[in-house]
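K.L.:
Sequences are here, hints too, so could you generate the full structure?
Okay, so the sequence shown: first residue is 1 according to my numbering, each after it adds one.
Careful: at least some of the hints might be erroneous.
Claimed, not checked - Beta-carbon label-pair distances, calculated as ranges:
1) P149 / A242: 13 to 23 Å
2) E214 / P149: 37 to 47 Å
3) R40 / S250: 37 to 47 Å
Simulated from the structure, these hints should not be mistaken for laboratory data.
Since the structure is predicted, the reported quantities are computational estimates derived from the model, not experimental observations.
Quick reminder that beta carbons are idealized off the backbone N, C-alpha and C, glycines included.
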Amino acid sequence: MNGSTVVLTGATSGIGEAAARLFATTAGRLIVHGPECQARVAPLLTAISTAGNAELHYLQADFDDLDQVVSLAARIRELADTVDVLVNNAGRPGAERRTLSRNGYEATLQTNYLAAALLTHHLAPALPSPGGRVVHVASATHLSVTLDPDDIGLEHGYSPVRAYATSKLAMVAHAVTQAEEWQPDGPQIVSISPGVINTRLLHSMFAVRGATPEHGAKNVVDAATGSIPYSGAYIDDGYPAAPSSQVQDSGFRRWLHAVTSRLLADWM
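P.N.:
This is the structure we're talking about:
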């Protein structure tokens, strides 16, 4: 990865913070994102910088506002003509009660999925073809739910876990659709479950413990820089796995692509 440019969203806590420290040891340029102002995360940025020799840049954006996602993409393009690796790691747990984003979409779906799809769209021209890599950090929880085509915003039967899991299901499906669009000569894309990891996000929804953030970060970096079975693959805690049956349904993926394009039309 010497000389490569890595973009990592959600890099100021949990798996993202641990992954940033790992990427700093190998990347040429590391562009990290978080929702906080730079002054608030200055000590963390110093720690990431001293972990390696990467040229480090921090960009703030709130994924609750899609205008800020578009602005983030533009600022990344100002810093780098080429993005070798894009890791869409930024995420939030499902809110206790159904909440709408500033753009009027269910907030978990927007932060975890719509923002990632939009950022990928705007950075796609900067990804080398072939050679570029996109990693969607999803979750094995996507296996426990289905996404209702008539209720993508979860107006009926909302729960925090369902909101989180369906947003991750959408990410896994998006990776398959994007791989079909880019193959055979375009960038590669995978979705991963980094494992059950001890983070604030995990404990906000589940009464379980897991592995360290460093374990999840290693899975992220391996997916970003190592060999993958094929573009569009789903990797669960380091091992190729079958995604949910709904993700494997080409009709569902076409429907999700159409809905996503409609929801994001004003920002694409």
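K.L.:
Among the hints numbered above, which are violated by the structure, and what are their numbers in rising order?
P.N.:
none
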